[in-house]
Each structure stands twice: as C-alpha cells, then as structure tokens.
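Please take these sequences and the hints and turn them into a complete structure.
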Amino acid sequence: MKLLYHFSTSTLTNVYVVGPDGGGDAIIVDPGVFDVTLLEMVEHEGYYIRSILVTHEAKSDLRGISTILRIYDADIYASNPEVFEHPAKPVAGVKSFSASGMEVKPIRLPGYWSDALVYHVGEFLFVGKVLSAGMLGDTINAYSRALLKSDLRELIFPLPGNLLVLPTEGPPSTLEVEVLTNIDMNRTI
Amino acid sequence: MFSTARCSVSGCSNSALSGQQLCGLHVEDRHASKQGVEQILDHPGRIFGMNFSYLDFSGFDLSGKIFQNCDFTGCSFTGVEFREATFLLCLFPRATLESCNFHGSLFQNCLFALSSLKKVLFTNSTIVQANFNGCRIDECDFSNSDLMHSRFIGASIKQTLMVDCNLKRTFFVEAVREGVDFKYSNAEDAVFTLNRSESL
Numbered sequence: 001m002k003l004l005y006h007f008s009t010s011t012l013t014n015v016y017v018v019g020p021d022g023g024g025d026a027i028i029v030d031p032g033v034f035d036v037t038l039l040e041m042v043e044h045e046g047y048y049i050r051s052i053l054v055t056h057e058a059k060s061d062l063r064g065i066s067t068i069l070r071i072y073d074a075d076i077y078a079s080n081p082e083v084f085e086h087p088a089k090p091v092a093g094v095k096s097f098s099a100s101g102m103e104v105k106p107i108r109l110p111g112y113w114s115d116a117l118v119y120h121v122g123e124f125l126f127v128g129k130v131l132s133a134g135m136l137g138d139t140i141n142a143y144s145r146a147l148l149k150s151d152l153r154e155l156i157f158p159l160p161g162n163l164l165v166l167p168t169e170g171p172p173s174t175l176e177v178e179v180l181t182n183i184d185m186n187r188t189i
Numbered sequence: 001m002f003s004t005a006r007c008s009v010s011g012c013s014n015s016a017l018s019g020q021q022l023c024g025l026h027v028e029d030r031h032a033s034k035q036g037v038e039q040i041l042d043h044p045g046r047i048f049g050m051n052f053s054y055l056d057f058s059g060f061d062l063s064g065k066i067f068q069n070c071d072f073t074g075c076s077f078t079g080v081e082f083r084e085a086t087f088l089l090c091l092f093p094r095a096t097l098e099s100c101n102f103h104g105s106l107f108q109n110c111l112f113a114l115s116s117l118k119k120v121l122f123t124n125s126t127i128v129q130a131n132f133n134g135c136r137i138d139e140c141d142f143s144n145s146d147l148m149h150s151r152f153i154g155a156s157i158k159q160t161l162m163v164d165c166n167l168k169r170t171f172f173v174e175a176v177r178e179g180v181d182f183k184y185s186n187a188e189d190a191v192f193t194l195n196r197s198e199s200l
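Note that the protein sequences, when read in sequence, are chains D and L. Under this note's numbering, the first sequence has 96 at position 96, and the numbering climbs by one with no breaks. Under this note's numbering, the second sequence has 5 at position 5, and the numbering climbs by one with no breaks.
The set of hints was computed from the structure by calculation and includes no laboratory data. The model shown is predicted, which means the values in this text are computed figures rather than measured ones. Hints should not be assumed to be uniformly reliable.
[What the hints assert, rightly or not] Label pairs and their calculated CB-CB ranges:
| id | chain 1 | residue 1 | chain 2 | residue 2 | range |
| --- | --- | --- | --- | --- | --- |
| 1 | L | 61 | D | 40 | 31 to 41 Å |
| 2 | D | 154 | L | 11 | 19 to 29 Å |
| 3 | D | 1 | L | 186 | 37 to 47 Å |
| 4 | D | 103 | L | 8 | 22 to 32 Å |
| 5 | L | 139 | D | 153 | 29 to 39 Å |
| 6 | D | 10 | L | 61 | 33 to 43 Å |
| 7 | L | 33 | D | 158 | 30 to 40 Å |
| 8 | L | 33 | D | 90 | 31 to 41 Å |
| 9 | D | 103 | L | 45 | 29 to 39 Å |
[Unchecked claim] Chain L stretches covered by chain D per the calculated footprint, using a threshold of three residues with CB under 8 Å from any CB of chain D:
| id | segment |
| --- | --- |
| 10 | 102-115 |
| 11 | 127-133 |
The C-beta atom is built at its ideal place from N, Cα and C for all residues, glycine as well.
In structure tokens, the structure reads:
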C-alpha cells in the first residue's frame with residue numbers, strides 16, 4: 001500500500017491518495033482540489049481514482065470531486081447518500097467496506113459534525129478536520145467539543161498508537177503522539 | 001509507505017526494517033552501517049517508503065538525499081550531515097538528534113513529535129507543516145527558515161534561534177520558551193494561544 005499526499009497552496013489543505021504498490025485502483029480522501037500537480041502524481045503512479053472518501057460534507061474540502069468525476073469513474077463514500085448533488089454510498093452505519101480493493105473501516109464521530117467520519121485504512125487514519133496535530137477541529141459549541149472528546153477516547157484512542165493520523169489541515173501525527181500531546185484532549189472543556 | 005511486514009520476533013508489533021525480518025530494536029547492531037542501509041542510501045534518486053526505525057545513523061553524510069514516506073521513528077542521529085536534503089512526509093517521532101546539520105533542507109509534512117533535538121542546525125530551510133509537538137529543543141538554530149504551518153505545541157524550546165523566519169500560522173501553544181530569539185521574524189502571525197469562538 002502506497003500513500004501519496006498533496007498540499008494545496010490555494011486551499012492550504014492536504015489531499016491523500018492511497019493505492020497498491022505498482023499502480024491500480026486507488027482511493028482519494030477529501031479532495032479539496034484536483035489540480036494538474038495532483039493529476040500528474042496520480043497518473044505517474046499508474047493509479048485510477050476509483051473511490052472518493054468524504055470525512056465531512058464541507059464544500060471547501062471537496063472542490064475537487066467534480067473534476068475527478070469528469071476524469072475517472074469513481075464511487076463516493078460518505079455519511080449521506082448524496083454529496084453536493086453527486087450520489088454517494090452511505091457508509092456511516094457499516095463496520096467496514098471495500099473500496100479500490102482495500103478494506104476501509106469508517107468510524108462515526110457525530111460530536112464534530114453529524115456526518116463526520118474517520119476512515120481507518122491499513123496503517124492510516126484519515127481524520128478530516130476532527131483532529132489536527134495537537135488540537136481538535138473547531139466544533140459548533142462546547143457541548144459538541146465534549147461529545148467529540150468522549151467519542152475520541154472511546155472509539156479512536158484505543159486503536160494502535162502507531163497508526164498514522166492524516167488530517168485535512170496541518171501536519172501528520174500518530175495516534176500515540178495525539179494521546180500524549182493533544183492539548184484539547186487534556187482540557188476540561 | 002510504510003513497511004507493513006512485522007518483526008519476526010514473537011510478540012513484537014514493530015515493523016521490520018526494509019529488506020529485513022527484524023525491527024531496529026531487535027537487530028544485533030543498531031548502527032545503520034551494519035544493516036545494509038548504505039546500499040539503499042546510495043540510490044541516486046528519491047528514497048521512497050523505507051523503514052529505518054530505531055537505527056543509529058551517527059556519523060553519516062546524507063547531504064542532498066531525497067527521502068519520501070520514510071520512517072525514522074526512534075532513530076539516533078549524532079553529527080549527521082543532511083545539508084540540502086529533502087524530506088517529504090517522513091517520520092521522526094521519538095528520535096534523538098544532536099549536532100546535526102540540515103542547512104538548506106526542505107521538509108514538507110514531516111513528523112518530529114516527542115523527539116529530542118540538541119544543537120541542530122535547520123538554517124535557510126523550508127519546514128512547512130512539520131509537527132514538533134512535545135519535542136525537547138535545545139540550542140538549535142532555525143534562522144532564515146520558513147516554518148509556515150508548523151507546530152511546536154507543548155514543546156520545550158530553549159536557547160534557540162528563530163531569527164528572520166516566516167512564522168505564518170506556526171503554533172507555539174503551551175510551548176515552554178526560554179531564550180528563543182524571534183528577531184526579524186513575523187511572530188505576530190504565529191499562534192501562541194488558542195481562542196475558541198464556541199460558547200456553551
């Protein structure tokens with residue numbers, strides 16, 4: 001399994017692509033952009049974007065979807081059956097599913113947002129904006145924050161510490177690093 | 001990225017070193033020169049997806065090398081030359097770096113969290129979206145570098161130069177800073193406290 005990432009200087013967000021060694025069907029996560037640089041990266045690896053994982057329906061994080069769907073015949077996976085008028089496969093309630101030949105485990109975190117999902121793929125944890133290297137994502141109120149922290153303690157932090165935490169915004173981390181250094185998790189509110 | 005083969009020692013959950021059956025903690029000699037690493041490092045192009053975890057690279061000259069998706073977890077680096085090297089999504093958590101020289105290097109989306117850095121030169125470097133959270137940083141020099149979107153949350157930073165750096169959205173929240181020099185840097189664009197807008 002190979003991980004590619006693209007840091008967009010226009011949106012200041014990360015886009016991740018996961019695929020098999022040697023090319024083939026691949027997954028893209030939260031494509032905030034799909035520009036020439038990213039297209040060339042995908043094509044250079046011999047990847048075909050077959051699956052799009054959406055962690056949360058936020059327009060700024062998904063602007064690349066329309067472009068991708070013009071180039072590739074890809075399925076969208078999200079909490080809801082529709083993502084900005086594109087049909088999607090709802091996966092919030094399933095334990096795991098197969099996308100581009102890889103096992104994906106979705107984890108619902110409604111404390112962040114009602115449709116928020118974290119995806120566990122191999123040794124990677126695609127967390128969207130739920131976590132961001134030492135901090136939590138912005139929530140709508142303190143109650144949501146408390147709920148999110150509770151969800152993280154119960155559903156995410158018990159996972160293996162060496163999982164690589166890959167956020168939409170900010171640098172990468174590991175679950176062990178987040179458990180030890182996340183300042184929001186150690187605050188009362 | 002990253003090696004998924006596990007160390008063959010019973011009960012060990014670490015990834016095996018690239019091309020080996022054991023992890024860096026279970027090999028007889030942790031020095032990288034004893035583990036065939038030089039052959040990998042001699043590669044003229046990009047070094048991709050290698051697992052070097054827990055090895056000791058002390059004394060190596062890795063100047064100008066390009067590393068992508070490489071895992072240096074828990075590695076030791078003493079007196080290592082990394083001038084004008086490139087690191088793309090490389091992992092250095094819990095590493096120990098002392099008297100190393102990264103002058104003119106490029107780091108993008110790299111992880112140094114929980115590492116110890118002493119007398120390390122990062123001058124004239126581009127260090128974008130690096131994670132230094134929880135690091136212990138002593139007598140290091142980041143001067144004339146771009147630290148945009150990097151994070152030093154909860155780090156201990158002492159007697160360290162950050163002169164003439166770009167600190168746009170560089171996070172120092174809950175960092176202990178003693179003798180840190182931000183002269184000529186845009187410290188006003190850095191983040192020192194978190195202001196949550198939400199209410200109860």
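Hints, verified against the model:
A hinted range of 31 to 41 Å for the beta carbons of residue 61 of chain L and residue 40 of chain D is consistent with their spacing of about 32 Å. Under the hint 19 to 29 Å, the C-beta atoms of residue 154 of chain D and residue 11 of chain L, about 27 Å apart, fit the expected range. Checked against the hint of 37 to 47 Å, the C-beta distance between residue 1 of chain D and residue 186 of chain L comes to roughly 39 Å, which is consistent with it. Taking the beta carbon of each, residue 103 of chain D and residue 8 of chain L are about 24 Å apart, inside 22 to 32 Å as hinted.
Between residue 139 of chain L and residue 153 of chain D the CB atoms are about 37 Å apart, so this pair conforms to the stated range of 29 to 39 Å. As the Cβ distance of residue 10 of chain D to residue 61 of chain L is approximately 37 Å, the hint placing it in 33 to 43 Å holds. In this structure, residue 33 of chain L and residue 158 of chain D meet the distance hint of 30 to 40 Å, their C-beta atoms being roughly 39 Å apart. Between residue 33 of chain L and residue 90 of chain D the C-beta distance comes to about 53 Å, which lies outside the given range of 31 to 41 Å.
For residue 103 of chain D and residue 45 of chain L, the Cβ-Cβ distance of about 32 Å falls inside the hinted range of 29 to 39 Å, so the restraint holds. With a cut-off of 8 Å between beta carbons, the segment 102-115 of chain L has 6 residues touching chain D; three or more are needed, and the interface restraint holds. Check on the segment 127-133 of chain L: 5 of its residues sit with their Cβ under 8 Å from a Cβ of chain D, so the three-residue criterion for coverage holds.
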